[in-house]
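*Asks:* Protein sequence lines correspond, in order, to chains R and C.
Going by the numbering used here, the first sequence wraps up at 166, each residue one higher than the last.
Going by the numbering used here, the second sequence wraps up at 109, each residue one higher than the last.
A couple of the hints might just be wrong.
[Said to hold, decoys possible] Here are some chain C residues pointing at chain R (derived, C-beta under 10 Å):
#1 5
#2 7
#3 9
#4 11
#5 14
#6 15
#7 28
#8 36
#9 42
#10 43
#11 62
#12 65
#13 86
[To be verified] Not the full set, but computed from the structure, chain R residues with beta-carbon under 7 Å of chain C:
#14 8
#15 44
#16 49
#17 92
Worth flagging that the hints you see were computed from the coordinates, not collected in a lab.
All of these numbers come straight from a predicted model, not from anything done at the bench.
Ideal Cβ placement from N, Cα and C applies to all residues, glycine included.
For reference, the chains in residue letters:
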Amino acid sequence: MGVTQILFWFLSVLALFSALMMVTAKNPIYSVLWLILVFFAISGHYILLNAQFLAIVNIIVYAGAIMVLFLFVIMLMNLNRETEPQKNKWVRVAGAVAGGCLLLVLVAALKDSEVKKNAAMVGEGNIGLIKVLGKELFSTYVVPFEISSVLFLSAMVGAVVIGKKE
Amino acid sequence: MPINYYIFLSIALFVIGMVGVLTRRNAIIIFMCIELMLNAVNLLLVAFSKMHHAANAAAIPTAGTEGQIFVFFIMVVAAAEVSVGLAIIVMMYRNVHSVDVSFLNRLKH
Chain R
1 MGVTQILFWF LSVLALFSAL MMVTAKNPIY SVLWLILVFF AISGHYILLN
51 AQFLAIVNII VYAGAIMVLF LFVIMLMNLN RETEPQKNKW VRVAGAVAGG
101 CLLLVLVAAL KDSEVKKNAA MVGEGNIGLI KVLGKELFST YVVPFEISSV
151 LFLSAMVGAV VIGKKE
Chain C
1 MPINYYIFLS IALFVIGMVG VLTRRNAIII FMCIELMLNA VNLLLVAFSK
51 MHHAANAAAI PTAGTEGQIF VFFIMVVAAA EVSVGLAIIV MMYRNVHSVD
101 VSFLNRLKH
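Just chain R, with the same shape it has in the complex (with noise of 0.2 Å):
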């Protein structure tokens, strides 16, 4: 098993594990460290995938923004364990089963299917580097990011007049 091989299936575990726990968790403090702890994981997979700017881009954002975002509110709100409402038992076990469906119908349409023999280029390619996908972004989908520019802008009005206190 070569070196890119380890790594993919020690983040993969690593991802897994941490999501499971991160749903299974009684306090959402708890939850949010192990997402933080998944949005790492998958950041590894982009470096493995030689996606560099998208590592960097989902650190940040993702674990560094949005997270602490998260952890505001929650102790905003002073959530912990004793506080936690939870559902019924059996409807968390028909949850779980629901889950468990659906993951058996995707996993099985998709086990056989003919694309199995690509193969994702793994630790090299240039597709992933700021330079190239810089260029791809500002010449062909300028117009989508003048347009996001717009949507951040209405989200930011959007939170501020949600937010304010009458």
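Guided by the hints, dock chain C onto chain R, whose structure is given.
*Replies:* Using the frame of chain R, we list chain C on its own:
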């Protein structure tokens, strides 16, 4: 790395996020599980972009960039959505002092 491995990993993460949305009652945890689902899709998009790059790199040097640009825009939309969603949750908490989604059943009265 065969693309199947990435497909199965992404499906597993997506289903774990979906089970979290169905199973939890805290609105903030549900929101975080939605972010997990978005990240699973991001991972799969990047893997597919590398697959297309591997298949077409001889003909077109920038063959797979669409996947990664799409992931960039998904992150943009997720960031905007999180800010507005958390503002709504904070406002909801200010009114009813709870983030329990079962509590919102009261809307039907």
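*Asks:* Compare the structure with each hint and give your call.
*Replies:* Each hint tested on the structure:
Given hint, residue 5 of chain C at the interface with chain R, holds; its Cβ is 7 Å from that chain's nearest Cβ, closer than 10 Å. Given hint, residue 7 of chain C at the interface with chain R, holds; its Cβ is 6 Å from that chain's nearest Cβ, closer than 10 Å. Hint on residue 9 of chain C holds. Least Cβ distance to chain R is approximately 5 Å, under the 10 Å limit. A distance limit of 10 Å between C-beta atoms decides the matter here; for residue 11 of chain C the minimum to chain R is near 5 Å, and the interface restraint holds.
Because the beta carbon of residue 14 of chain C sits about 8 Å from the nearest beta carbon in chain R, less than 10 Å, this interface hint is met. The interface hint given for residue 15 of chain C holds, since its Cβ lies 4 Å from the closest Cβ of chain R, which is under the 10 Å cut-off. Look at residue 28 of chain C: its Cβ gets to within about 6 Å of chain R, closer than 10 Å, so that hint holds up. Taking 10 Å as the C-beta cut-off, the interface hint given for residue 36 of chain C holds, the closest approach to chain R being about 6 Å.
Using the Cβ-Cβ criterion of 10 Å, the hint placing residue 42 of chain C at the interface with chain R is satisfied: the shortest such distance is roughly 7 Å. Taken as an interface hint, residue 43 of chain C checks out: its beta carbon lies about 5 Å from the nearest beta carbon of chain R, inside 10 Å. At its closest, the beta carbon of residue 62 of chain C sits 6 Å from a beta carbon of chain R; the interface hint therefore holds under the 10 Å criterion. Interface hint at residue 65 of chain C: satisfied, since its Cβ lies 4 Å from the closest Cβ of chain R, which is below the 10 Å cut-off.
Against a cut-off of 10 Å between C-beta atoms, the interface hint on residue 86 of chain C holds, since the closest Cβ of chain R lies about 5 Å away. Here the hint on residue 8 of chain R is kept, as its CB sits about 6 Å from the closest CB of chain C, short of 7 Å. Interface hint at residue 44 of chain R: violated, since its Cβ lies 11 Å from the closest Cβ of chain C, which is beyond the 7 Å cut-off. Annotation: interface hint on residue 49 of chain R holds; nearest CB of chain C at approximately 5 Å, less than 7 Å.
Annotation: residue 92 of chain R was flagged as interfacial toward chain C, and the flag holds, the nearest CB pair being 5 Å apart, inside 7 Å.
In the structure shown, a violation is registered for the earlier hint numbered 15 alone.
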